[in-house]
Amino acid sequence: MNAVAAQASPVTTSQNHAEAESLLEIRGMYKHFPLADGFLEQLHFEKGRLVRRNEQVHAINGVDLTVRRGEALCVVGESGCGKSTVARLVMGLLSPSAGEIRYDGQRIDNMRGKRLLPYRQRMQMIFQNPYASLNPRMTIQQTLEEPLRFHHPDWTTPQVQDKVDDVMASVGIDPEWGKRFGHEFSGGQRQRIAIARALAVDPEFIVADEPISALDVSIQAQVLNLLMDAQAERHLTYLFITHDLAVVEHFGTRVAVMYLGTVCELADTRSLFARPKHPYTQALLSAIPRLEDDRPEHVRLSGEVPTPVHLPSGCVFHGRCPHAMERCRQEVPQLIVTDDGNQVACHAVEEGRI
Amino acid sequence: MALLEVSNLDVRFALRQGEVRALRDVSFTLDRGERLGIVGESGAGKSVAAFTLLNLIAKPGYIADGSIRFEGNDLARMSARELRRVRGNRISMIFQDPMMTLNPVLSIGEQMVESLKAHRRISTREARAIALHKLKQVYIPSPETRLDQYPHELSGGMRQRIIIAIALLLDPDIIVADEPTTALDVTIQAEIMTLLRELCEKHNVGLVLITHDLGVVSQMTQRTLVMYAGRVIEQGPTREIINDAQHPYTQGLLNALPQMTTPGSRLNQIPGSMPSLANTPSGCAFHPRCQYRYDASGQPRRDCLEEVPEFVTSGNCDVACHMVRDMLAKEAS
Numbered sequence: 001m002n003a004v005a006a007q008a009s010p011v012t013t014s015q016n017h018a019e020a021e022s023l024l025e026i027r028g029m030y031k032h033f034p035l036a037d038g039f040l041e042q043l044h045f046e047k048g049r050l051v052r053r054n055e056q057v058h059a060i061n062g063v064d065l066t067v068r069r070g071e072a073l074c075v076v077g078e079s080g081c082g083k084s085t086v087a088r089l090v091m092g093l094l095s096p097s098a099g100e101i102r103y104d105g106q107r108i109d110n111m112r113g114k115r116l117l118p119y120r121q122r123m124q125m126i127f128q129n130p131y132a133s134l135n136p137r138m139t140i141q142q143t144l145e146e147p148l149r150f151h152h153p154d155w156t157t158p159q160v161q162d163k164v165d166d167v168m169a170s171v172g173i174d175p176e177w178g179k180r181f182g183h184e185f186s187g188g189q190r191q192r193i194a195i196a197r198a199l200a201v202d203p204e205f206i207v208a209d210e211p212i213s214a215l216d217v218s219i220q221a222q223v224l225n226l227l228m229d230a231q232a233e234r235h236l237t238y239l240f241i242t243h244d245l246a247v248v249e250h251f252g253t254r255v256a257v258m259y260l261g262t263v264c265e266l267a268d269t270r271s272l273f274a275r276p277k278h279p280y281t282q283a284l285l286s287a288i289p290r291l292e293d294d295r296p297e298h299v300r301l302s303g304e305v306p307t308p309v310h311l312p313s314g315c316v317f318h319g320r321c322p323h324a325m326e327r328c329r330q331e332v333p334q335l336i337v338t339d340d341g342n343q344v345a346c347h348a349v350e351e352g353r354i
Numbered sequence: 355m356a357l358l359e360v361s362n363l364d365v366r367f368a369l370r371q372g373e374v375r376a377l378r379d380v381s382f383t384l385d386r387g388e389r390l391g392i393v394g395e396s397g398a399g400k401s402v403a404a405f406t407l408l409n410l411i412a413k414p415g416y417i418a419d420g421s422i423r424f425e426g427n428d429l430a431r432m433s434a435r436e437l438r439r440v441r442g443n444r445i446s447m448i449f450q451d452p453m454m455t456l457n458p459v460l461s462i463g464e465q466m467v468e469s470l471k472a473h474r475r476i477s478t479r480e481a482r483a484i485a486l487h488k489l490k491q492v493y494i495p496s497p498e499t500r501l502d503q504y505p506h507e508l509s510g511g512m513r514q515r516i517i518i519a520i521a522l523l524l525d526p527d528i529i530v531a532d533e534p535t536t537a538l539d540v541t542i543q544a545e546i547m548t549l550l551r552e553l554c555e556k557h558n559v560g561l562v563l564i565t566h567d568l569g570v571v572s573q574m575t576q577r578t579l580v581m582y583a584g585r586v587i588e589q590g591p592t593r594e595i596i597n598d599a600q601h602p603y604t605q606g607l608l609n610a611l612p613q614m615t616t617p618g619s620r621l622n623q624i625p626g627s628m629p630s631l632a633n634t635p636s637g638c639a640f641h642p643r644c645q646y647r648y649d650a651s652g653q654p655r656r657d658c659l660e661e662v663p664e665f666v667t668s669g670n671c672d673v674a675c676h677m678v679r680d681m682l683a684k685e686a687s
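These protein sequence lines are chains A and B, in that order.
In this text, residue positions in the first sequence follow my numbering: the first is 1, and each later residue adds one.
In this text, residue positions in the second sequence follow my numbering: the first is 355, and each later residue adds one.
Since the hints were made in silico from the structure, they are not lab data.
The model shown is predicted, which means the values in this text are computed figures rather than measured ones.
Glycine included, every Cβ here is placed at the ideal spot set by N, Cα and C.
Treat each hint with caution, since some may be false.
Claimed, not checked - List of simulated lysine to any residue pairs, SDA-like, C-alpha gap at most 20 Å:
#, chain 1, residue 1, chain 2, residue 2
1, B, K471, B, D502
2, B, K556, A, E297
3, B, K490, A, H151
4, B, K684, B, D598
5, A, K163, A, P153
6, B, K684, B, V666
7, B, K471, B, S509
8, B, K490, B, K556
9, B, K490, A, E304
10, B, K490, A, D104
11, B, K471, B, L460
12, B, K490, A, R300
13, A, K114, A, D104
14, B, K490, B, S509
15, A, K179, A, Q142
Said to hold, decoys possible - What follows is a list of derived Cβ distance ranges for each label pair:
#, chain 1, residue 1, chain 2, residue 2, range
16, B, S619, A, S313, 38 to 48 Å
17, A, E25, B, D525, 54 to 64 Å
18, B, R475, A, R329, 45 to 55 Å
19, B, V459, A, A132, 38 to 48 Å
20, A, T307, B, T548, 38 to 48 Å
21, A, L50, B, N457, 26 to 36 Å
22, B, N457, A, G105, 28 to 38 Å
23, B, P642, A, R137, 26 to 36 Å
24, A, L50, B, D502, 22 to 32 Å
25, B, N457, A, H183, 30 to 40 Å
26, B, H557, A, R353, 35 to 45 Å
27, B, N457, A, R115, 37 to 47 Å
28, B, T478, A, T307, 32 to 42 Å
29, A, Q142, B, S619, 31 to 41 Å
Kindly generate the complete structure, drawing on both the sequences and the hints.
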């Protein structure tokens, strides 16, 4: 399809940990959503009295993450763990309730309007559903032109056209597609177009929120290859949100496992899959349906994910954890650095119980 | 005789734009207590196959040809009244989205009692006792309370457990499950799948599992059927298909999985995408995406382009591919 596709892309390894500089830093981030927005919705009738109660969904509860330049940091977890909220906070689509986000050393979470503009060009996002993320009333040409004209108002029409042609070629879009509309394409083709739109303004950092979850297996491979090619060619940094652990194992440089709005384990991909430390990570990995016949039984967790409205005390995982003790019910575990340089938030690991 | 015998099934949808052929010449059997997986990507016709098993194809769709013999009786030619005796009773179905399947305005108990009383002459009290027993079988915590709860009060995993309990309610011979865990998280999926497998084994219930996930098929089934563009292209014992697939499409599908390549390297993609069922390519429907469609001199193979491949037997698998046929013929000579 394109020249790059023919040759193998270089593997991004995590060997140069020490010299890898951080591109994005999230510090002490919290995000709460009010359960009831309006005043009237907050009124409740209790014991014959009208009371006003404003309950919150605790989506993110103290997350610290660093994305290093050139890596693909994968954030995994099950629905409701807050992984998509992290993506949206980073992109400035939501503003955090507390904490700060620094991009290239500059605090961006409190920026608005014109000051944020240069960062919007450097960071781009790819969404999960390519059926919803493309404007149905715009042709593909218009879709790809729009970000260019917005970020480069001084460019001439031939300049814009050159760039559009360029980016179309690099993601393997037939130039003929330019005249057509989004609905004329299949899911895989649409996701290709969405990727082209993100790449059009030459970003250095891409937040991808479940970019291949809506696609078929054979198409997933095509899109994942495209993302890896783009990374090798353009030295991109990814924040990759997904629930698919097989994809993470293949694609990620490092992995952050989230549970109920907190990071419970952060490790480089190889050691996370080889030696998961947190009990939740262990359960998650054991649940992947594998092709091999002889795999051990999956770790059965008791109960279900608690509601993020009333968070459990102590470790948010204690209610389902087979290793939970009194301390886990009382004290919130902090991420501690283990001897192999990875991080895990678990009292049992800290005390050497598991 | 097999419990369920599907032969030469041909299902079409008469649309204004023309006739769409959703299933072509689909044949397979299911023995008592056997677990069969039907895999394929979207548009392969696997869900239509599931619906056809219970003759649930509604207009503009119709069964143009073929038979679905359950204990010797053809479901494709049964009256609505006869079908009602089979559906839910002898063959039950689990759908993808538990919220769509459960009635939101009836409590769990009411829905369970309703289907029991539709098939058996029993009192409400007896029906409730059976319902309670089934909820216990699927490990629902505090089942007595759940009977009086409504679907919206339960989590996704819990709802799918209840669906399984309902599917087992009348002690069916076969359960047809259409992507039963696609809407669920991976830890919940593992629980539901283990539960489904254990219950099928314990009660000797046959399972037809429709899925796009080869890992799930590998963990759950004894035999697998691979579909592409409305046709079965390969079928055989699951282990053999996973470890030694013969059809280029099945191979491509397995090789495209991230776990089949070293982390960080390029994935083995299949070029192109599944054709639309309204406009399937001539000959072998997979030929435009197939790397074996050229002969030794680099010319496109005429048979792949023009002839629909017949099944050939390789090991314990049936494969519909001209290339595999030639290879087997060469080995034999």
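Right, here's what the structure says about each hint:
no. : hint                             : verdict
1   : K471(B) with D502(B)             : holds, 18 Å
2   : K556(B) with E297(A)             : holds, 18 Å
3   : K490(B) with H151(A)             : violated, 60 Å
4   : K684(B) with D598(B)             : holds, 19 Å
5   : K163(A) with P153(A)             : holds, 14 Å
6   : K684(B) with V666(B)             : holds, 13 Å
7   : K471(B) with S509(B)             : violated, 27 Å
8   : K490(B) with K556(B)             : holds, 15 Å
9   : K490(B) with E304(A)             : holds, 17 Å
10  : K490(B) with D104(A)             : violated, 56 Å
11  : K471(B) with L460(B)             : holds, 15 Å
12  : K490(B) with R300(A)             : holds, 18 Å
13  : K114(A) with D104(A)             : holds, 18 Å
14  : K490(B) with S509(B)             : holds, 17 Å
15  : K179(A) with Q142(A)             : holds, 9 Å
16  : S619(B) with S313(A): 38 to 48 Å : holds, 45 Å
17  : E25(A) with D525(B): 54 to 64 Å  : holds, 59 Å
18  : R475(B) with R329(A): 45 to 55 Å : holds, 52 Å
19  : V459(B) with A132(A): 38 to 48 Å : violated, 30 Å
20  : T307(A) with T548(B): 38 to 48 Å : violated, 25 Å
21  : L50(A) with N457(B): 26 to 36 Å  : holds, 34 Å
22  : N457(B) with G105(A): 28 to 38 Å : violated, 56 Å
23  : P642(B) with R137(A): 26 to 36 Å : holds, 32 Å
24  : L50(A) with D502(B): 22 to 32 Å  : holds, 29 Å
25  : N457(B) with H183(A): 30 to 40 Å : holds, 34 Å
26  : H557(B) with R353(A): 35 to 45 Å : holds, 40 Å
27  : N457(B) with R115(A): 37 to 47 Å : violated, 53 Å
28  : T478(B) with T307(A): 32 to 42 Å : holds, 34 Å
29  : Q142(A) with S619(B): 31 to 41 Å : holds, 36 Å
In this structure, the earlier hints numbered 3, 7, 10, 19, 20, 22 and 27 are contradicted, and the remaining ones agree with it.
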